[in-house]
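With the hints as constraints, model all of the structure from the sequences given.
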Amino acid sequence: MDTIWEVKVFGNTDSKLILDDVKKRMYELTKIVDFSDPSSEISILNEKKILKSPSEEFKAILKKCKEYYKYTNGFFDPSIYPILNAYGFYDLHYRIPKDLELKDIIKRNIGFTVEISTNAINIPESEKLDFGAMLKGFIVDRIAEYIRKRGINNFIVNFGGEMVVSGNKNGIPWIIGIRNPMGNGLLGSFDFQGCIATSGDYERFFIKNGKKYTHIISPFTGKVDTDMHSASIIASNCSDADAIATALCVMGHDKAVAFIKKMNIKALIVSGEGNVERFNNFPKIH
Amino acid sequence: MSKDSIISRKFINPFDFLIIFLIVFLSTILIMINNGEPEMLRVKDDNGITFYSISFDRIIIPAVKYKEKIEIKNKRVRVIDSSCPLHICEGMGWIDQCGDSIICVPNRMVITLVGDKGIDAVTQ
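The listed protein sequences derive, respectively, from chains A and B. Each residue of the first sequence is one higher than the one before, starting from 1 at the first, in this note's numbering. Each residue of the second sequence is one higher than the one before, starting from 1 at the first, in this note's numbering.
If you are wondering where the hints come from, they were derived from the structure by calculation, not from laboratory data. Built from N, CA and C at the ideal position, the CB exists for glycine as well. Be careful, since some hints might not be right.
Stated by the list, open to error - Now the in silico label distances, taken between C-beta atoms and shown as ranges: (1) A/Glu145 to B/Lys67: 43 to 51 Å; (2) B/Asn74 to A/Gly272: 19 to 27 Å; (3) A/Ala120 to B/Asn74: 57 to 65 Å; (4) A/Lys261 to B/Asn74: 33 to 41 Å.
Spelled out as structure tokens, the structure:
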């Protein structure tokens, strides 16, 4: 998935053994959703529009996606694949699609539609899915659950910046930094325990004719028209935090702030102008 | 015994070589530890230890006995407007390297520039 993951465990545990098991579990999970593997469940579904005998994990991912799509009024949209593809985010041949091409894609997109039954998953002929906006969070939750089942409570599971932070270091809290989206280094840090995810305009982007085109694209216009640098979200699980963080970035500043207030979301956002705003008791950063 | 050999024995014996080696070795280790761009400001006072980002310019006012300000500018740090009786902390000027410190004894405060070693993980 072109990202870095790390697991930190504190205490008297056989870390090598845990790490080996976690690696195995991580590969099992990522294999289900590997775009580059034609035999992965996501590749089969996108190609054939039907997936027979789906795994429980794959069904769980799609069920969550349905929830997030509804919760965010379509700003989290796994059916954004054709738009991202038009910009070249998959084959890495970056280009700026013409307005007519984008309009055509949006016209054909009927919104995220998926049928999940016990033995099969179906999507419409026109649809292709990419649920990368919640996937890292989902995997982090699963790995954290796996580690807890082994009786370990003091750990960090970090997958590309989305993380579950559990317990502490012998009474000393874990310290988490937030990346500065406007440059190198950190925006600040804070003591933390819980689930946190961040989405930002520095993750996947290209620059053409002096303009930055990020992967944070509106599913309604097909354009990169957000005025947000990043959103960091604390939620009860990492999958929720990940999906909401992406949706807020897509919304743009004003809609994001209204949504945060309405849904009582613990958030820290950095606006396009570089203003840092905290909501609903998001920890103060130092 | 000539005068030269006495001086030679007095200043350069195997034990001296060991001391020189240890000093060079420890200095190298310290340089390696403190090397790299500073990322955070670590402030230790009677309230505990707090980390501050130095990624953007600002003034920090720590909750210490004698009021003073810590200025962060262009990834450099200094103490200004200190009301402590000695003002040595102010006189130390800017610090800008990993491991550089300013100490304010009356406030029982030590501020140190550190890399990102104090941070356990980064959300991004």
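*Against the structure, test the hints numbered earlier, and report the numbers of the ones violated in rising order.*
No hint contradicted; all consistent.
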